[in-house]
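**Q** Take a look at the letters that make up each chain.
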Amino acid sequence: MTQNKRIVIVGATSAIAEHCARQWARDEGQQEFFLLGRDQDKLDAIAADLTVRNPALSCKTLCPDFTSTDDIQATVSKIVANGAPDIVLIAHGTLPDQQDCQQHLDMTAAAITINGLSPVLFAEAFAGPMQAANAGTLALIGSVAGDRGRKSNYVYGAAKGLVTRYAQGLQHRLADTNVRVVLIKPGPTDTPMTAHLKQDGAKLASAEDVATTIVRGVDKGRAVIYAPAKWWLIMMIIRHLPRFIFNKMDI
Amino acid sequence: MKITSWGRLRHEQHNAIAITNHRTLSAQIQHSAPGISYGMGRSYGDICLNPDGWLWQTRGMNRFISFDQDTGLLSCEAGVILKEIQDCLAPRGWLLPVTPGTQLVTVGGAIANDVHGKNHHVMGTFGEHVTGFRLERTDGTTLDCSREHNADMFRATIGGLGLTGVISRVQLQLRRIDSPWLLTDTVAFSSLDDFFALADDSEADWEHTVSWIDCLAGPQTRGIFMRANHARAEDLAAMPEYRQAGGKPPRSAGITMPLTPPVSLVNKLSLRAFNAAYFAMNARKAGAGVAHYESFFYPLDKINHWNRMYGRRGFYQYQCVVPRTTARQAIADMLAVIAAAGEGSFLAVLKTFADRPAAGLLSFPMEGATLALDFPNKGARTAQLFTRLDEVVTQAGGRLYAAKDARMSAQMFASAYPALAQFSVFRDPGISSAMSRRLLGS
Numbered sequence: 001m002t003q004n005k006r007i008v009i010v011g012a013t014s015a016i017a018e019h020c021a022r023q024w025a026r027d028e029g030q031q032e033f034f035l036l037g038r039d040q041d042k043l044d045a046i047a048a049d050l051t052v053r054n055p056a057l058s059c060k061t062l063c064p065d066f067t068s069t070d071d072i073q074a075t076v077s078k079i080v081a082n083g084a085p086d087i088v089l090i091a092h093g094t095l096p097d098q099q100d101c102q103q104h105l106d107m108t109a110a111a112i113t114i115n116g117l118s119p120v121l122f123a124e125a126f127a128g129p130m131q132a133a134n135a136g137t138l139a140l141i142g143s144v145a146g147d148r149g150r151k152s153n154y155v156y157g158a159a160k161g162l163v164t165r166y167a168q169g170l171q172h173r174l175a176d177t178n179v180r181v182v183l184i185k186p187g188p189t190d191t192p193m194t195a196h197l198k199q200d201g202a203k204l205a206s207a208e209d210v211a212t213t214i215v216r217g218v219d220k221g222r223a224v225i226y227a228p229a230k231w232w233l234i235m236m237i238i239r240h241l242p243r244f245i246f247n248k249m250d251i
Numbered sequence: 001m002k003i004t005s006w007g008r009l010r011h012e013q014h015n016a017i018a019i020t021n022h023r024t025l026s027a028q029i030q031h032s033a034p035g036i037s038y039g040m041g042r043s044y045g046d047i048c049l050n051p052d053g054w055l056w057q058t059r060g061m062n063r064f065i066s067f068d069q070d071t072g073l074l075s076c077e078a079g080v081i082l083k084e085i086q087d088c089l090a091p092r093g094w095l096l097p098v099t100p101g102t103q104l105v106t107v108g109g110a111i112a113n114d115v116h117g118k119n120h121h122v123m124g125t126f127g128e129h130v131t132g133f134r135l136e137r138t139d140g141t142t143l144d145c146s147r148e149h150n151a152d153m154f155r156a157t158i159g160g161l162g163l164t165g166v167i168s169r170v171q172l173q174l175r176r177i178d179s180p181w182l183l184t185d186t187v188a189f190s191s192l193d194d195f196f197a198l199a200d201d202s203e204a205d206w207e208h209t210v211s212w213i214d215c216l217a218g219p220q221t222r223g224i225f226m227r228a229n230h231a232r233a234e235d236l237a238a239m240p241e242y243r244q245a246g247g248k249p250p251r252s253a254g255i256t257m258p259l260t261p262p263v264s265l266v267n268k269l270s271l272r273a274f275n276a277a278y279f280a281m282n283a284r285k286a287g288a289g290v291a292h293y294e295s296f297f298y299p300l301d302k303i304n305h306w307n308r309m310y311g312r313r314g315f316y317q318y319q320c321v322v323p324r325t326t327a328r329q330a331i332a333d334m335l336a337v338i339a340a341a342g343e344g345s346f347l348a349v350l351k352t353f354a355d356r357p358a359a360g361l362l363s364f365p366m367e368g369a370t371l372a373l374d375f376p377n378k379g380a381r382t383a384q385l386f387t388r389l390d391e392v393v394t395q396a397g398g399r400l401y402a403a404k405d406a407r408m409s410a411q412m413f414a415s416a417y418p419a420l421a422q423f424s425v426f427r428d429p430g431i432s433s434a435m436s437r438r439l440l441g442s
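Chains as they are written, first to last, in full-length UniProt numbering: chain Z, 1 to 251; chain L, 1 to 442.
Heads up, some of the hints might be wrong.
To be verified - Here are a few chain Z residues that sit away from chain L, every Cβ distance over 12 Å (derived from the structure): (1) R26; (2) K42; (3) I46; (4) L50; (5) T51; (6) D65; (7) S77; (8) G83; (9) T108; (10) P129; (11) Y154; (12) G161; (13) L162; (14) P192; (15) W231.
What the hints assert, rightly or not - Below, a list of computed lysine-lysine pairs in the DSSO-like style, where the Cα atoms sit at most 27 Å apart: (16) L:K83 to Z:K42; (17) Z:K248 to Z:K230; (18) L:K302 to L:K2; (19) Z:K42 to Z:K151; (20) Z:K230 to L:K285; (21) L:K83 to L:K302; (22) Z:K248 to Z:K220; (23) L:K302 to Z:K230; (24) Z:K5 to Z:K151.
Calculated from the structure, these hints are not laboratory results.
Glycine residues also receive a C-beta, built at the ideal position from the N, C-alpha and C atoms.
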């Protein structure tokens, strides 16, 4: 561990990201967190929480415009000005309603922007400085939904598919550096984003357990992490189902 | 979705609302009343249930707000669980002054049930160490409550069954510890008189006292009396168990009860074997020892879902307190009733409470002895047993613990909790639970 570990969390108010932050905060030693989100109050609450958990760490909160290339670039430049980060976790997203997206193109555009384009822009902005420093781990949260388009949520799936393909390319680009690029694909997780799924009786993994899987995977620098791990098998099957079977499924 | 409580007696449909932030809480409950708060679901009966109605799940509201390392004053959201607090702060020399037999409960739940621990005679109940909290009411009002401000509402909310509002954030006074270890002493006893003598003798010198009893042993009640004090660093150096552990707390991942068997695994046969073995094991290792606070206070937390052991029909916990003057006879009578019914309990816990002013209007503890027993749900047969136990408790001037209760009558509750009429005016009309309808009529 370096003297002053720098951890950047984009979308820090997401339940999964918050639990990752809590687990990283358990590390002893000097740590500096950069928490990026849209809601300053929520960021402040998370910063206070992390500081109680570990008084030795420091937190900075930032509220950039997640859809503005200028703002993303400026924010990232500010963060890396004092040194490249050790860990970047890009975790933001919203779960759009597929039906709404089919009715309204502006909702489709917004969903793809926030879930696909925006994470990729953040990653691209961090990739350069991290490559120059030749160190650090850049983790992106994709989704099992990005593995194969399904009628129930293909707009979200397409955005996450974009993240998947981008992460692959970035892994290729940085393969002979010391920078690790980690793509995380959570299955449906028990978070405020999925509260409505739970009402319908779906069994969801806890954000805490998913975070544990992520923290472990980031630590090892694994290329692709399914969380929970069983989704690797499920998605392997779903990806390989012949179209004539897949198209008859109501998923 | 279908939700149950720790006793697993009923699994019914609830409209669950996840509350993840104390700032959004007020708006959320205003738009989904009447409802009831639900934390970890570790109360045994229906205090946290509202079938076919709204349920406010507070577990996601679990952030620390501030902690003063010098004074031990902690502010946190009400969905933080006791284990999170102690995991984080025990290494820095602070523990919660009062915790129940599990640390997997939320701070909000600990206040609503005004829980107690093994050190009631020294530290009282959880509510005594709460210095303030913020209460959100379904009419949109926010009340900051403490012993100085809104003191009446403060007293009503401690032990208030979740019916006065929803607690969003809490301030707690923690207690200093020198180490996370306890010096323990285990004594086997073979009659109720011995138990009461041990309890009286231990009160002055031991902070934590509790005993397990073998309720199948017949008229000569045998049991194991456990007492402990927090260890100072210099005490520990001399203890071989501590040196063996290298001074490190036991780190086991715990085990999980993987499924719910169709019938209870606790039955007469298994119980007799278990009780005999448990008694023999503890009697053999009687004497002084050392234990980490987690294994001494929360042994069952190591077994995830232990409640599944009682099978698909679930189980009841019957916990009563009887006043000191009638305690000896009432406990003997209850054990006789249980024996006569051919029933037995795996978790039979007997403990004395001291005379302390109650923290809340409806707080459970009173000076006397408390007996807690688990029974698998066998329908009418179990109900009949409880009716007979109720008679003993009522005659003795005792009462039942709402946190454990799923079945007492409104009449028994009203007669045993004299402050009930006083409490009623503090209720939030937008809050209702299965328990409040059963015991308070609304």
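**Q** Decide, hint by hint, whether the structure agrees.
**A** Each hint tested on the structure:
1. With a minimum CB-CB distance of about 9 Å to chain L, R26 (chain Z) fails to clear the 12 Å threshold, and the non-interface call is violated.
2. Not every beta carbon of chain L lies more than 12 Å from that of K42 (chain Z), the smallest distance being close to 7 Å; the non-interface claim is violated.
3. Interface exclusion of I46 (chain Z) from chain L breaks down, the closest Cβ pair being 7 Å apart, not more than 12 Å.
4. Chain L draws L50 (chain Z) into its interface by the beta-carbon criterion, the shortest separation being 8 Å against a cut-off of 12 Å.
5. A beta-carbon of chain L comes within 12 Å of the beta-carbon of T51 (chain Z); the shortest separation is about 8 Å.
6. Chain L leaves D65 (chain Z) outside its interface by the beta-carbon criterion, the shortest separation being 22 Å against a cut-off of 12 Å.
7. Annotated as non-interface, S77 (chain Z) keeps its C-beta farther than 12 Å from every C-beta of chain L; the closest such distance is 30 Å.
8. Its beta-carbon lying about 28 Å from the closest one in chain L, G83 (chain Z) satisfies the requirement of being farther than 12 Å from that chain.
9. The claim that T108 (chain Z) is not at the interface with chain L holds, since no C-beta of that chain comes within 12 Å of its own (minimum 27 Å).
10. The beta carbon of P129 (chain Z) sits about 31 Å from the closest Cβ of chain L, which is more than 12 Å, so the claim that it is off the interface holds.
11. Listed as a non-interface residue, Y154 (chain Z) keeps its Cβ farther than 12 Å from every Cβ of chain L; the least gap is roughly 26 Å.
12. The non-interface label for G161 (chain Z) is consistent with chain L: the shortest C-beta to C-beta separation is roughly 28 Å, beyond 12 Å.
13. Against chain L, the non-interface label of L162 (chain Z) holds: every CB pair exceeds 12 Å, the least being about 28 Å.
14. In this structure P192 (chain Z) is not separated from chain L by more than 12 Å, as the shortest Cβ-Cβ distance comes to only about 5 Å.
15. For W231 (chain Z), the condition that its CB be more than 12 Å from all CB atoms of chain L holds, with the nearest at approximately 21 Å.
16. About 23 Å separates the Cα atoms of K83 (chain L) and K42 (chain Z), which keeps this hinted pair within 27 Å; it holds.
17. Only pairs whose Cα atoms come within 27 Å are accepted, and K248 (chain Z) paired with K230 (chain Z) is accepted, the gap being roughly 24 Å.
18. Annotation: proposed proximity of K302 (chain L) to K2 (chain L) holds, straight-line Cα distance about 26 Å (limit 27 Å).
19. With a CA separation close to 34 Å, the supplied pair K42 (chain Z) and K151 (chain Z) exceeds the 27 Å bound.
20. With a CA separation close to 44 Å, the supplied pair K230 (chain Z) and K285 (chain L) exceeds the 27 Å bound.
21. Taken as a hint, the K83 (chain L) and K302 (chain L) pair is honoured in the structure, with Cα atoms around 12 Å apart against an allowance of 27 Å.
22. The hinted pair formed by K248 (chain Z) and K220 (chain Z) fails the criterion: a straight-line CA distance of about 39 Å is larger than 27 Å.
23. Distance check on the hinted pair: K302 (chain L) and K230 (chain Z) sit about 25 Å apart at the alpha-carbon level, within 27 Å; holds.
24. Only pairs whose Cα atoms come within 27 Å are accepted, and K5 (chain Z) paired with K151 (chain Z) is rejected, the gap being roughly 42 Å.
Checked against the numbered hints listed earlier, the structure breaks hints 1, 2, 3, 4, 5, 14, 19, 20, 22 and 24; every other hint is satisfied.
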